Amino acid sequence: MKKSVFLGAMTVAGLAAGAAAAATLDDVKARGKLNCGVTTGLVGFAAPDANGNWDGFDVGFCRAVAAAVLNDPNAVEFVPTTGKTRFTALASGEIDTLARNTTWTFSRDVDLKFEFVGVNYYDGQGFIVPKELGVSSAKELDGATVCIQTGTTTELNLADFFRKNNISYEPVPIETNAEAQPLYLEGACDTYTTDASGLAATRAAFENPQDHVVLPEIISKEPLGPLVRHGDNDWGDINRWVLNALIAAEEYGVTSANVDELASGTDNPEINRLLGTEGNLGEMLGLDADWAARTIKAVGNYGELFEKHIGENTPVGLSRGLNAQWTDGGLMYAPPFR
Amino acid sequence: MSTISDPPAESFRLSQLINDTRYRSITFQFVALVLLIFAMAYLGLNLVQNLAAAGLNISFDFLGEPAGYDINQTLIDYTSQSSHWRATMVGVLNTMLVAILGCIMATVIGVFVGVLRLSPNWLVRKLMSIYVEIFRNVPVLIWILIIMAVFVAVLPQPRDFRGDDATASMVWGAFAFTGRGFYAPLPLFGPGSAVVVAVFVASLIGIVFYRRHTTKKLYDEGVLLPRTWPSVALFFVPVLLAFFVMGQPITLEYPALKGFNFQGGIFMRNSLIALWFALSIYTAAFIAENVRAGILAVSKGQTEAAASLGLRPNRIMNLVVLPQALRVIIPPLISQYLNLTKNSSLAIAVGYMDLTGTLGGITLNQTGRAIECVLLLMLFYLTISLGISAIMNVYNNAVKLKER
Chain A
1 MKKSVFLGAM TVAGLAAGAA AAATLDDVKA RGKLNCGVTT GLVGFAAPDA
51 NGNWDGFDVG FCRAVAAAVL NDPNAVEFVP TTGKTRFTAL ASGEIDTLAR
101 NTTWTFSRDV DLKFEFVGVN YYDGQGFIVP KELGVSSAKE LDGATVCIQT
151 GTTTELNLAD FFRKNNISYE PVPIETNAEA QPLYLEGACD TYTTDASGLA
201 ATRAAFENPQ DHVVLPEIIS KEPLGPLVRH GDNDWGDINR WVLNALIAAE
251 EYGVTSANVD ELASGTDNPE INRLLGTEGN LGEMLGLDAD WAARTIKAVG
301 NYGELFEKHI GENTPVGLSR GLNAQWTDGG LMYAPPFR
Chain B
1 MSTISDPPAE SFRLSQLIND TRYRSITFQF VALVLLIFAM AYLGLNLVQN
51 LAAAGLNISF DFLGEPAGYD INQTLIDYTS QSSHWRATMV GVLNTMLVAI
101 LGCIMATVIG VFVGVLRLSP NWLVRKLMSI YVEIFRNVPV LIWILIIMAV
151 FVAVLPQPRD FRGDDATASM VWGAFAFTGR GFYAPLPLFG PGSAVVVAVF
201 VASLIGIVFY RRHTTKKLYD EGVLLPRTWP SVALFFVPVL LAFFVMGQPI
251 TLEYPALKGF NFQGGIFMRN SLIALWFALS IYTAAFIAEN VRAGILAVSK
301 GQTEAAASLG LRPNRIMNLV VLPQALRVII PPLISQYLNL TKNSSLAIAV
351 GYMDLTGTLG GITLNQTGRA IECVLLLMLF YLTISLGISA IMNVYNNAVK
401 LKER
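Line by line, the protein sequences are chains A and B.
The first sequence begins at 1 in the numbering used here and counts up one residue at a time.
The second sequence begins at 1 in the numbering used here and counts up one residue at a time.
For the record, the hints were derived by calculation from the structure and aren't laboratory data.
For clarity, every value in this text was computed on a predicted model and none was experimentally measured.
Each residue gets a CB set at the ideal place from its N, CA and C atoms; glycine is no exception.
Do not take every clue at face value.
[To be verified] List of simulated lysine-lysine pairs, DSS-like, C-alpha gap at most 27 angstroms: (1) A:131 to B:217; (2) B:258 to A:164; (3) B:216 to A:139.
[Claimed, not checked] Now the stretches of chain B that chain A is said to cover, found in silico as 3 or more residues with beta-carbon under 8 angstroms: (4) 27-38; (5) 142-155; (6) 272-285; (7) 347-353; (8) 362-372.
[What the hints assert, rightly or not] Pairwise CB distance ranges, derived in the manner of DEER restraints: (9) A:234 to B:104: 35 to 45 angstroms; (10) B:251 to A:134: 29 to 39 angstroms; (11) A:234 to B:40: 34 to 44 angstroms; (12) B:16 to A:231: 49 to 59 angstroms; (13) B:40 to A:71: 53 to 63 angstroms; (14) A:231 to B:36: 46 to 56 angstroms; (15) A:71 to B:335: 55 to 65 angstroms; (16) B:259 to A:33: 21 to 31 angstroms; (17) B:48 to A:33: 23 to 33 angstroms; (18) B:175 to A:209: 33 to 43 angstroms.
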């Protein structure tokens, strides 16, 4: 099965790479749909709801891009990808944008020829254990059986962490989050490790979330962000500035509720430029003047997205922490719109 | 007098390539070959051009770099600092391990079921056909997943062995059957154990020679010597004598619950067991049909002739039918072995780190060298498969009908 996926992807890579090198923006417009790569299902980040509509934090970014480019947040074809298939899917042109809590690393950016357009979630790798094990620190995990989602940076972090602390472990590589859950819950693994946000999302789906704890150690830096193919800078710019628009909108207090009102003009030039009533930023991107206003109206600003899908009042229950605006002591900082 | 003139000398004309049946097939094959070469060249060139356009190249240098990830089941020394090539070798060995174990078990089950499908007993016959129909008509991936899920859910986990109110306990204090795998005592070979091992090997050889001797005696002189008890005696007595004479050099290391897991002893992971078992019972269903076909291919007259000589049914099967059936069974059996080996690439579904899991999985993903990794994967699977074919063909030549 896996081999055929690779071979298929390879064939697609061989045949489609020529086409993919052309302007992605034109392709998306001609198609009338954005092909957006997401996870195969991670509550809060990207998962189909009861009606089969994709919903979540990463899904919100896909919809934001679709709203900016196609004027329709629903004009998105969501392509579920695993940790293993995501890069091939993007490189081959099967998807235009990958928003799949993917860690921005040097080799992915430089060697794999991708373009990370920013960071939409600052994360770190953590461990979840059942409370009854009585483990309070990851350093007590000597000899433990650890379930890992394969094809991610987590494997390398894990190997480094255990080597650094000179303790042993038994890795159990698992293809998807969904397959890892039953193994962990049945006790075939003592602990499950992935990004802390993913752990919170996974725990939210458990029957008894309070029986499991996320250990305090965060063993790596995981800046998660959307990415596009190397080489199409215009498309990269659109994705980068859609993300920045969402972040800047929160900073300036533009929300999905008041964006219509503010779009008729304010006395803050920064907001005016963002929403297209002043300057020609949209034109520079090859979009309409009100691209950012549409985006914010469709999915809300960064803070709204966060609170709606993964915030403290959701089952995932993540606090803003590092992901607060820079004005609140976090790392979210959009470059100026001018 | 008549003169016979020579037939007109044939001059070759180009149109003969199409019109003459002697050349036509060669022409068509040649054209097809050229087209094929062009198609492959086009695809290859297209790939190279597109890679160049994307600024990528084909390079196998990554194989020498440290892999950076750990593998649970390693038959050779491996750490996360070993190279990707080493990780690949670990994967190759894991693939070969499960393939060889699977082929052996599938053959045993397959022959057993195939023979029983022809049983005169209605119930046994029907049960075996139900087995065959169920197992060969459900995809093997589903079997692997089901067996793993049942394995993990049904068997107790190490934590169930812990504490005063443990719900599970070890069998004879030596074996632990957990959802993570099976633990068994590991023999430790102390000084002097080489003698014991040598005696054991010598007695095995002795058993083979003794049995040959009895067969020869039976055929040449018609004297039937006892075979079972001398074999058993040869198996146990010298080894036990050597063991105690050398002062019990071989001891057992028992698995014990330490920390999160059992430590010590031999550990057989749940992923290996689930994969092995699933591949075996799935392939065995096909082998059973091959065996049945082979047996049915032996003329009924052979069975009746053997019976009229006074042979008992199991002797008829072993001495008359199966040796003749083998030449029908072996060729399709080779394909089944190859299928099993290739199906083992589904291992990642249960987290077994085979070749597809290491080279085609983590290495591919970490280095992003998809084309190189897939080419290597194809090369390795091709090599393993050709190896199995070669060995089985040698065996096939040994058992096939000798034509003189």
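Consistency of the hints with the structure:
no. : hint                               : verdict
1   : A:131 to B:217                     : violated (71 angstroms)
2   : B:258 to A:164                     : holds (22 angstroms)
3   : B:216 to A:139                     : violated (67 angstroms)
4   : 27-38                              : violated (count 0)
5   : 142-155                            : holds (count 3)
6   : 272-285                            : violated (count 0)
7   : 347-353                            : holds (count 4)
8   : 362-372                            : holds (count 8)
9   : A:234 to B:104: 35 to 45 angstroms : violated (59 angstroms)
10  : B:251 to A:134: 29 to 39 angstroms : holds (34 angstroms)
11  : A:234 to B:40: 34 to 44 angstroms  : holds (36 angstroms)
12  : B:16 to A:231: 49 to 59 angstroms  : holds (54 angstroms)
13  : B:40 to A:71: 53 to 63 angstroms   : violated (45 angstroms)
14  : A:231 to B:36: 46 to 56 angstroms  : violated (33 angstroms)
15  : A:71 to B:335: 55 to 65 angstroms  : holds (57 angstroms)
16  : B:259 to A:33: 21 to 31 angstroms  : violated (52 angstroms)
17  : B:48 to A:33: 23 to 33 angstroms   : holds (31 angstroms)
18  : B:175 to A:209: 33 to 43 angstroms : holds (36 angstroms)
Checked against the numbered hints above, the structure breaks hints 1, 3, 4, 6, 9, 13, 14 and 16 and satisfies the rest.
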